[in-house]
Amino acid sequence: MKAALLLVLTVWLNVQYGGCAFSSSCSLPPSKWCSSLDSAIQCGVLKQCLLSNFTRSHQTADQVEVGLYYESLCPGCRLFLTQMLLPTLVLLKEIMSVTLVPYGNAQEKNVGGKYVFECQHGEQECLGNMIETCLLNMTDASAAYETIYCMESADDVISAAKSCVDLFSPELKWESIDSCVNGDKGNQLMHQNALKTQALNPPHKYVPWITINGAHTDDLQDKASTSLFSLVCSMYKGPKPAACGGSQRGFRSYSNNE
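All the letters of the sequence shown, read from the start, carry residue numbers -20 to -1, 1 to 238 under mature numbering (1 follows the signal peptide of the UniProt record, and there is no 0).
Among these hints, one or two may not hold up.
Calculated lysine to any residue pairs in the SDA-like style (CA-CA distance at most 25 angstroms, straight line) [to be verified]:
(1) K185 with E88
(2) K185 with M118
(3) K73 with L200
Hints in this document: simulated from the structure, not taken from any laboratory.
Values in this document were obtained by computation on a predicted structure and should not be read as measured data.
Hey, can you work out the whole structure from these sequences and the hints?
The following block contains the structure:
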């Protein structure tokens, strides 16, 4: 159920409410809890970190690759990202990987050697796309996903950006994000997102557009939108992790395609 997925992610992001989910003495964002033995002990997650490392070291198959081509202000994209994709990643991070491409139905033009972008939901969406693109390039994946989740689950994606960066990517200064967003680096990164989106085969028709192991079909889109958890468990070729076992049932959820 969607509620179960959200409960998992609420625990994962519990630092928003005054400390780490497992230890009030922890001052690190969740992406850093397992970065060292000391941090794992400080945050009270040593057992979980050791179990996660053990599971990864015994993987016998490639991870299931989930790609999301989306827009920062698209309601259906926000719903899928916050209520399906990232909660599922928390549960199945040992057997799945995620690629986020913020661009969607945007259009680009080359004006005097610089790319100018027009977005489906206006200039604010272009700004949100750019902030999230810079985050994905400037910090590790876990921290970027946490920060983007924070932004996309807020009432106002753009207004929440700075506080989300401060909370989940504290090593980044907002000034450096702003420099990327308004400079040549961000412009080129967004151009790469445009190229990745334009190279989709078949071409995307809507957002969110979901790929599994680089492929998109109507059947895969429907299964991922309905229960990404079940889909990833079924497609993983190695021994099923405990989360996919018979003692734990898969979840069903819902997302709009907009």
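Taking the hints in turn, this is what the structure says about them:
1. K185 with E88: Since the Cα atoms of K185 and E88 sit roughly 17 angstroms apart, the hinted pair holds (cutoff 25 angstroms).
2. K185 with M118: Between K185 and M118 the Cα gap is close to 30 angstroms, so the pair fails against 25 angstroms, i.e. violated.
3. K73 with L200: holds, 20 angstroms
When the structure is compared with the earlier hints, a violation turns up for hint 2 alone.
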